[in-house]
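Q: Given two chains presented individually in distinct reference frames, assemble the corresponding complex, making use of the accompanying hints.
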Amino acid sequence: MNIILLLIPLSLVLLALGTWAFFWAVDHAQFDDLDTPALSPLLDDPPPVDEHTP
Amino acid sequence: MSSCFHCQEPIPAGLDLRARVRGDLHAVCCIGCRAAAEWIAGLGLDDYYRVREAPAPRAHAVGDYAGWDRPGLARLHVRSRDATHAEVVVLVDGLRCAACAWLIERAIGALDGVHEIGVNTAARRVVLVFDPTVAPLSTLLAALARLGYAAHPLTAEAIDAARRRETRDALKRLVVAGLGAMQAMMYAVALYAGVFDGIDPAVRDFFRWLGFLVATPVVLYSAQPFFAGAWREARARRLSMDTPVALAITAIYVASLVETLRGGHEIYFDSVSMFVLFLLAGRFVEMRARHRAGDVVDAFARLQPALAERLVGETTETVGVHELAAGDVVRVAAGSTVPADGELAGAACRIDESLVSGEATPRRRVAGEAVVAGSLVVDGPAEIVVRRTGADTVLAGIVRLVTRAASERPRLARLADQRAARFVARVFVLTLLTALAWSWIDPSRAFAASLAVLVVSCPCAFALAVPAALTRAVAVLARRGVLVVEADALEALARVDRIVFDKTGTLTEPTIDVAAIEVRRGTRADAIAKAAALEEGSAHPLAAALRRAAGTEAGAYVIASRDEIAAAGVEAVVDGVRHRLGRAGFALGLCAADKVAVAVEDGDALVLADADGVIARFPVVERVRDGVVPLLAALRGDGVKVAILSGDAAARVALVANRLGIDDWRADVRPEDKLGHLRAMRANGHVVAMVGDGANDAPVLAGADVAIAIGEGASLAHASSGILLATPCLEAIAEARAVAQRMLVTLRRNLAWALGYNLSVVPLAALGFVPPWLAAIGMSASSVVVLLHSLRIDVPAASEASGVARAKAGAAHEVTA
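Chain order of the listed sequences is Z and V.
Just so we're aligned, residue 1 is where the first sequence starts under the numbering used here, counting upward by one.
Just so we're aligned, residue 1001 is where the second sequence starts under the numbering used here, counting upward by one.
Simulated from the structure, these hints should not be mistaken for laboratory data.
All values reported here derive from a predicted model rather than from experimental measurement.
Wrong hints could be hidden among the right ones.
Claimed, not checked - With beta-carbon atoms standing in for the labels, derived distance ranges: (1) N2(Z) <-> S1760(V): 44 to 50 Å; (2) V13(Z) <-> A1202(V): 54 to 60 Å; (3) T1216(V) <-> W24(Z): 37 to 43 Å; (4) L15(Z) <-> S1760(V): 46 to 52 Å; (5) K1641(V) <-> F23(Z): 58 to 64 Å.
Said to hold, decoys possible - Each computed SDA-like pair below joins lysine to any residue, with the alpha-carbon atoms no more than 25 Å apart: (6) K1172(V) <-> I8(Z); (7) K1172(V) <-> F22(Z); (8) K1172(V) <-> V13(Z); (9) K1172(V) <-> Q30(Z).
Claimed, not checked - So the derived list for chain V, only partly shown, Cβ under 8 Å to chain Z, looks like this: (10) L1025; (11) R1168; (12) L1174; (13) V1175; (14) L1179.
Glycine is no exception: its CB is placed at the ideal position from the N, C-alpha and C atoms.
If we strip away everything but chain V, and leave its shape as in the complex, we get (with noise of 0.2 Å):
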């Protein structure tokens, strides 16, 4: 029976299908498999079946996916850059090789409307831009299945499934491997015994086929993640850390099978049992230190609730989270995770946002303050107005960040993977050397020799240094709401001696000062309802703080027609009256020209007017945020400069600079010159990190080596920055430094090990003085030495103990509030 050209599945009896490539007829299985073939060949993609690793998943008949362009649907997968530009990534099944992502690569992004495609075998991802108005997302599926991929764009539960199959092989193996190992040490005791005690023959060999016996399970079974990796380098004409293990079980393996017919002399199954049991716990440990760092996306995605509870009237219906629209009013009961980013309308409650923020007191927040997706009631029940929802909540947005993140691979890892495969290759050699001096030396001795050179030298400690570093510096960090969206971004704050801030508002936030509000008319409740009114739904902080001001009041007045002027003010209908609120020459336009006679002196204040003239100026103060003073502090004592450049007026840069002893900053700095700026720092050799809201100043972070994105809610969602900073404390600065520096040492160390550990070991292993058993020991303890040194990358100690001390100053606040 012939086999399917396309995906390699016999063919029914009795079907002739037949695809046509490259001028050539080839029996296919079915429809779908000769369209797929058919067209990967009018693509001029036929390379694909001569470099392929692995039969073509079969091409099912393409399935509706019409669903996927339903609004309600795609929201909760899809991100929209712009009205061309929409973002998705997609599970793909059926992702095997090499030669698939090539496959994917070329022909989805040959499709018209695709801007962007990146294909990531390991995490069988792909990252689609593309432009919805020419293909929109139905088409793409339906063409990656059409490829005969299925593709399913990315939910949490995918990422869950996959993992959890991982984690349990991995379990399975490891434990095969460690009963298998103890059981072969057991028998190998008594042919040690045997060996001086005397022993005889029969019963010997009746041990060596026990040994035989218990490895047989832990080579065949537990070893084959070896096996496969190597063999797929093999097939792409490389070599990996992979190579050396799997050619060494094999060749310890198979001679001592050999051995135990001939009756010879030495057996090895304790040692190839302990060599992969070793291995594969260092393989371990690797996995849950990557699989933490990814529980971070986990975490998020997981929290995003199913269901929520609709307010309709007086009753609540309950809905699919992706039902919700923005205006609804959801109600949320204590203990339960919000749905959608969103205010919190009616009574005050304690919100937990520590997943969010990584700030581990519950905050209060009062009516008119926002609330973020995933953060968990604490005491309600809640009511929440739904503002943003799915793919655009602000956890959304970080899933995604995070998720692109994990696959991409930094180029400290690249530049290891290298410097791994040199490794493996000399090795390789010197293995060879080893067995023709012995065989010319002492031919008996020549095979356990460079078995031995083969075992003890590790190159997993080479290829295991940078990432287990790196991964584990990610996942500390993001404990503490500092979130690597590229990983080199850490290695160059790791080096940074000068950091840009690059605007007053990084390092102050504007407060309205309660205490000094100025009521001309009315009361002063009412005053501040109706300024928390014009300001409904407004992110800038001004308007938060008023709300905040504004407590229960805030919903007393409700407006229309609203107006948002830039760099002005509102305007909008209260209570039939038209008001404006904003800086006092916008507010008082809108009085008659008698009435601005007594009008307020300007200053920094919003002022509150309608045409009878002032009703109340709000004074505005700057706050100096949390963490910036021991951030600060901090810096200095390690000797990096600190600077403002901003756009502000001279005077206001000027205050928040002397107050926090800055000498070096410059107000009234366009864009362009803030990149001039930055390019001269670069160019006198230091390296800057700049630390901006990440929202509006794209290209001037883009200018500096690091940029750090601070900021709340909706801003940290579309920063586009080396490392976003989910907590409002800016000390969390200092801490990622100190991090990056950790690391950066541990690599070194790391490699310096690695590196130490294979001159030391490899000419005594050349020279025979050590037996496989010791080798197998030896390798595997220096790449679980690599490892256990890279779990101590971690917030430095004084660090903590200040950030239980924020986490207890957080307590007391909220107590006196």
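The shape of chain Z in the complex, shown without the other chains (with noise of 0.2 Å):
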């Protein structure tokens, strides 16, 4: 049971560090927009500009 002594606080800092990962990521605007970047793969390229078109 002792492991708990040790596992427990590891996990507390492994939770201080990822929250402190998230709030950086957040201040650096990775989540301000959450559906554009996603759409982003699926679309072509735009077409190259016909210079014939009427």
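A: In structure tokens form, the structure reads like this:
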């Protein structure tokens, strides 16, 4: 049982690290737009402009 | 160290400045604060210091605002209604509480030249209607600064930053609550297992302290909005839905801490974390819905580019959009955004106007046709003659209207607020009764039971029921090109049983029958080019039709001394010769008497003539607008009666009415008679919607229960109506009505659910059957149900399909064009 005395504080440290990383990500605009970036791989590059369009 | 009377910041050592307020001297920190305090007192507004909830922003020495009077800058932000009325929306920094709003309203409202002032604390916006000849914008901004509020006439960027901060904060709080709740539950499982299988008291206490450790950030950080909200309302001696939430969180947290210290029976760190998590999740969904509604505004605002390519001779120069003036020619590359309202010059191109009109298919535009700022040039480059810039553009007008709508609270929402407040008061009484009853029956269960009552009862479901449904409906409609300016209008629209069109022009639009143009002299192309040149710059649909017919020839002639005679036509010098275009009588007025003999028979036609007589005759036909037929069919299906009240001649109205199968029409009606008809209908118990073009029939529109303005371009921005149709397709009215009805149904269901839920669980909780963790889930789930249910409001599937068909038809039209 004594192992939890090591594992639990370890998990708490990891939790704190994760929270810090998340805050960092939010502050660096990683979560501002969740919709558009997900779509970009699905879209083709814009087709070259055809000079002969009427 | 003492603090400043005005801003409550510490006073620098050695400074001795005093402000005289009500005869007493108060120490202040700087000259700015002294001026602010004495000004406020001088206006008799020193009550502010008694009722304020937050210290005033520190008054800085007043900066230089004169720059705002420069026409170029003012044009971007100020909209002129007429010479003495201008309107500006100002974002105010440091607007913290209702007392600030009160102070600004009184102090600025008392200034000379201020007609109207509206302050919205939540949105931190001040709407000012002022007389620029008496009080230039700079003096108003300086006055706000003198009070200590930094004022920024609203720009798109400002809305954006505030919203981004809100989203980020909410996301952080939500994730902290989520992580905290997960950990707390994990430790709680260990504790529950311990209850059944036995646990060493030392290990048990260890897990309890761990629970305390993870629940603390949840309560102190994540739950902050609830405490702040409850505190704000408590200071104003009001109850809100935050009040019981904040009390419950505090009670559970403190009680659990006490039990942990005492080594008592039950702790609830897991419950409190879950409670906060679920509440925040509900709020987050609500915020997203609210933002999505505001996204329309945002999208509009962001659409306007900051720079434009102005043509100077053969080359282009890059200038700020605010430097553009009417008459400039700008070049817009393919894929770029049109910077200002204007007309296409040069080659035809395809333009995507979806954000302004809701029309998904790019439209083909030819020279002479209007383009609106914010639309996207699909294949370019396009050359555009600027007509209107900045705050005069259609886009800016729409943004302003929607911003204003967003800062007004509709009647339904106000009712719901009152209801929620009453409900909270009842919950408190019930909690107290539960506590008293249980302490008499079984004191050991009194705390858990009254806690359960407090937690399980859900005023949020009440408070959210209305705004959630309204917000969703407004957002759905905005996407379809229907802009709801007054939220009350939506409620009325759902109940409408009479729709009145105020003129045939709303159902049809006049256009030139190109195939039937009669040319008496010269070539056909030449005649059309001359006519188009005469109509240059006119917003009349016939003028647009002429320019369309002329195509690239539109620029072939240069005109001089153009004169527009109302209800007759235009006169101008084309190619050195005086020409007239208009009704036959007017156009032939130029000719010598002997030439009139060969005149054309009168009729619905435009005649182009010079001194030598008729050059060409352009027959005018009425074309039924897009979507009118399906709209009428849909309305008939719903049992809504349609009528036309028109000021036009009887023959013309009869023609349109017969073609569309409308039995109830009146022609030759003057505006005051129209109002009378509307009143009579309303007196008979009908709910009436009036559809007009909004620009010149404001009084008539105001006489209906719902005013719907349709129109294109400039007229939309100036429309005075509850609902704006930004799409040329009238079928959107039927869709809007369907959505409004769905909204009312949803709203009623929401309220019924909130009531049913509370009635069924509160007694159970009072009797002690609901453990606190279940109460937390129940309360949060009930508000999530309300939100999810509101999200179901959407455009009915059938009309969605017809919308797709419409887009396809548009595309087909594109091909044939």
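Q: A separate judgement is required for each hint: does it hold in the structure or not?
A: Hint by hint, here is what the structure shows:
{"no.": "1", "hint": "N2(Z) <-> S1760(V): 44 to 50 Å", "result": "holds (48 Å)"}
{"no.": "2", "hint": "V13(Z) <-> A1202(V): 54 to 60 Å", "result": "violated (23 Å)"}
{"no.": "3", "hint": "T1216(V) <-> W24(Z): 37 to 43 Å", "result": "violated (22 Å)"}
{"no.": "4", "hint": "L15(Z) <-> S1760(V): 46 to 52 Å", "result": "violated (38 Å)"}
{"no.": "5", "hint": "K1641(V) <-> F23(Z): 58 to 64 Å", "result": "holds (60 Å)"}
{"no.": "6", "hint": "K1172(V) <-> I8(Z)", "result": "holds (23 Å)"}
{"no.": "7", "hint": "K1172(V) <-> F22(Z)", "result": "holds (8 Å)"}
{"no.": "8", "hint": "K1172(V) <-> V13(Z)", "result": "holds (18 Å)"}
{"no.": "9", "hint": "K1172(V) <-> Q30(Z)", "result": "holds (12 Å)"}
{"no.": "10", "hint": "L1025", "result": "violated (46 Å)"}
{"no.": "11", "hint": "R1168", "result": "holds (5 Å)"}
{"no.": "12", "hint": "L1174", "result": "violated (10 Å)"}
{"no.": "13", "hint": "V1175", "result": "holds (6 Å)"}
{"no.": "14", "hint": "L1179", "result": "holds (6 Å)"}
Hint compliance for this structure: hints 2, 3, 4, 10 and 12 are not met, and every other hint is.
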